[in-house]
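Participant: Residues per chain, in single letters:
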Amino acid sequence: MNTMLSSESAIAASESAPARAIARAAARRRRLRKLAPYAFISPFFILFAVFGLFPLLFSIWLSLHQWDAASGLAAMHWVGLENYKYAVTDPWFSKSLLNTLWFALASGVPQHLVALPLAFFIHMSLKRSRNFVVGAYFVPYVTSSVAIALIFTTLFSKDFGVVNAILPGPPIDWLGDSFWARPAIAFVVFWRYLGWNVVLYLSALQVISGDLYEAATLDGASRWQQFRFVALPLLKPMMFFAITLTLIGNLQLFEEPFILIPPDSGVATDVMTTAMFMYRMAFSDGDFGTASAVSWLLFFLIAALTYANGRLFGKEGASDVGR
Amino acid sequence: MSKPFLAIAFAVAIFLTGALAPAREARAATTITLATFPDLDRAARAALPRWHALHPDIDVRIVSLQYADHHNAMTTALATGSGLPDVMAVDFKFIGKFVGSGGFEDLYQPPYGAGALRDAFVPYTLAQATNAKGELGALPADIGPGTLLYRADLVAKAGLVEADLTRDWDSFIAAGIKLKTATGACILASSTDIVDIVIRSDLPAGQGIYFDRNGKVLVGEPRFVRAFELGRRAHQAGIDAGTTMWTNEWVAGFRSDRIAGQMMGAWLAGHLKNWLAPATAGKWRSAPLPGGLFASYGGSFYAIPRHAQHKAEAWQFVRFMTADRQTQLDALTQFGNFPALIAAQQDPVVDQPVAFLGGQHAGVLWRDTAARVPAIPVDKYDAMATDAVRAEYQNVIARGKDIHEALADARWLIEHRARR
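Going line by line, the protein sequences match chains G and D.
Residue 23 is where the first sequence starts when you use this note's numbering, and the numbers rise one by one after that.
Residue 7 is where the second sequence starts when you use this note's numbering, and the numbers rise one by one after that.
Errors might be hidden in some of the hints.
Said to hold, decoys possible - No farther apart than 35 Å at their CA atoms in a straight line, the calculated lysine-lysine pairs in the DSBU-like style are these: (1) G/Lys117 / D/Lys184; (2) D/Lys163 / D/Lys184; (3) D/Lys222 / G/Lys258; (4) G/Lys107 / D/Lys184; (5) G/Lys107 / D/Lys163; (6) D/Lys222 / G/Lys107; (7) G/Lys258 / G/Lys117.
Since the hints were derived computationally from the structure, they do not count as laboratory data.
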């Protein structure tokens, strides 16, 4: 009897052991399955935390400290808002702001004034060659800025440049004369980002229904009137988007002037944008605290201008989308 | 939700630590790291076979980045204390800033005892590598005795002799005008070159260019006024080509006989010979700087970061690169790096005629110049002050700003920036 009982319980045990194992395995699988999505998205979050979030927070912290970087982390000491006060009283900071705004306008406004009609022309008049033409305008945008700088320093060369060879009169020192250096750089920026804006506007034009143009044609509207009264109002949301991008990009302008004008050049401060001033503060003067403060001041300026831009015609543009 | 995320982050962190550990172990087998930049890295590479023969147990890993990248990377490494090499090459332009911030070992202290080497180097170089606390942060490898390199053929064509260029600044400018009229060539690439050199004249001993011993800003002193005036005069006379150094125009200026002179460290002769204008070989000569001035342009140093891993081995390597006569001579003969080590300067090699300079015994002149360059203390804000003064000089020549007003503005900006 006893033996029977024990053998029964043994059987019962041997029956339940695999079942328990299976249940455990299923539970582990469920757990793993729950974890898997986190594992798959973790690379982004880890990279973002290390290279995005941490530097962002650290730069806020840094902007409130005085820090001679070469002395090591221990040399940081708290100065509160003094770096901000110091930055706004530096004449090079205000000069760099003026330069930046000058570049933003001189290269930004023509970008849109040319891109809008150009996109309309490409949309209406080109059929088979359209992709090729758009591609050609887009090439500068995807070209390495170092290559661009090399080409343009050669083109703008005072003694050997093609630009001076074509223009009549005495040779102009495009990149060495404080009067000409800014327009020359603004032109490079304009040339580089024109294609990008053309593509943006072209994509918006393509969703405007052809019926509207046909109706306008029946009403006797000329090509110009179609552009002015049909296409332009419908492009407003895209204009808002494109101008916002230009605003942000131009206020952060760094590469073009940095590469085209050597830092030792006499005109270096005439083309110094705020982003360049920030770089100089950090890596030339070794004042990382003030450099961080400058970057935050620049951020506030960009945020304010973007907001103003949104108020100015973003609302109207947004309501057009709804219609 | 956050628990599994944390667990995964932790796992990844452990994995990364595991992956990095072997690399650290490999370094422990006394491989020292030298962080350097071109062209200086060539001298170190060329010296390695001799180093290995002398120190078979110490391997040297050379990490070379472009000039600006190297110094940016080193700034970051000093800031965070991680990724620091055992030996750091530092260019003259950065030595004041780096040594001033105290991130290097004081080589006067034991176990280094560089005090014994005090007389081995040209005196002014040690002043450049010494900070306000009197710590010696680096040893000098090569130096740039200041010289006026000029095109002897063009100068002769204009009916001039070397003395017309070097007697004093008035004579220099007058000769420049004659040269321009006769040959169309400019004696200066940029009138800034005059400003850079004249602000160094008449410095009392122990006083810096822009700051005195107590950090007082000196911009605005008569030497600055004179420098700006001379520069403006040269610019208005049209004897400068208006080009910035190291640009395409500058290079083309040498090749096409448009620039017939350049005040620079003696090392420029090597650059002219190797790549700037090899076709002009034999036509250049080296003269003392105008106005009886002795100055140095550039130079390179080797330092040991305070948080370096293998300081003892690093010190051996620094000594090998700077205080070893043979290493210094090899760098001179192979790459034209003029030695800071006096024993190397006295080698007969230095007395040899230089073919590129038409067989001139230029090394003798450079050695003499090096010995007479005053020891000017550097300040960590020197680079910033240079920028401020240059920007104001540009306002003077491009916008007609009054010189005194420009200097007052430069002075205010420098005081503002150096407030700490």
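Participant: So, for every hint listed, does it hold in this structure?
Facilitator: Tested hints:
1. Restraint check: the Cα-Cα separation between G/Lys117 and D/Lys184 comes to about 40 Å, which exceeds 35 Å; the hinted pair is violated.
2. Of the pairs offered as hints, the one joining D/Lys163 and D/Lys184 holds, with about 10 Å between alpha carbons and a cut-off of 35 Å not exceeded.
3. Pair hint D/Lys222 plus G/Lys258 does not hold up; C-alpha atoms about 58 Å apart against a cutoff of 35 Å.
4. Taking the CA atoms of G/Lys107 and D/Lys184, the gap is about 52 Å. The hint is violated against a cut of 35 Å.
5. For the proposed pair G/Lys107 and D/Lys163, the alpha carbon gap of about 59 Å is over 35 Å, so the pair is violated.
6. Restraint check for D/Lys222 and G/Lys107: satisfied, since their Cα atoms lie roughly 23 Å apart, inside the 35 Å limit.
7. At most 35 Å may separate the alpha-carbon atoms for a hinted pair to count; G/Lys258 and G/Lys117 meet this at roughly 33 Å.
The structure fails hints 1, 3, 4 and 5 (numbered hints given earlier, in ascending order).
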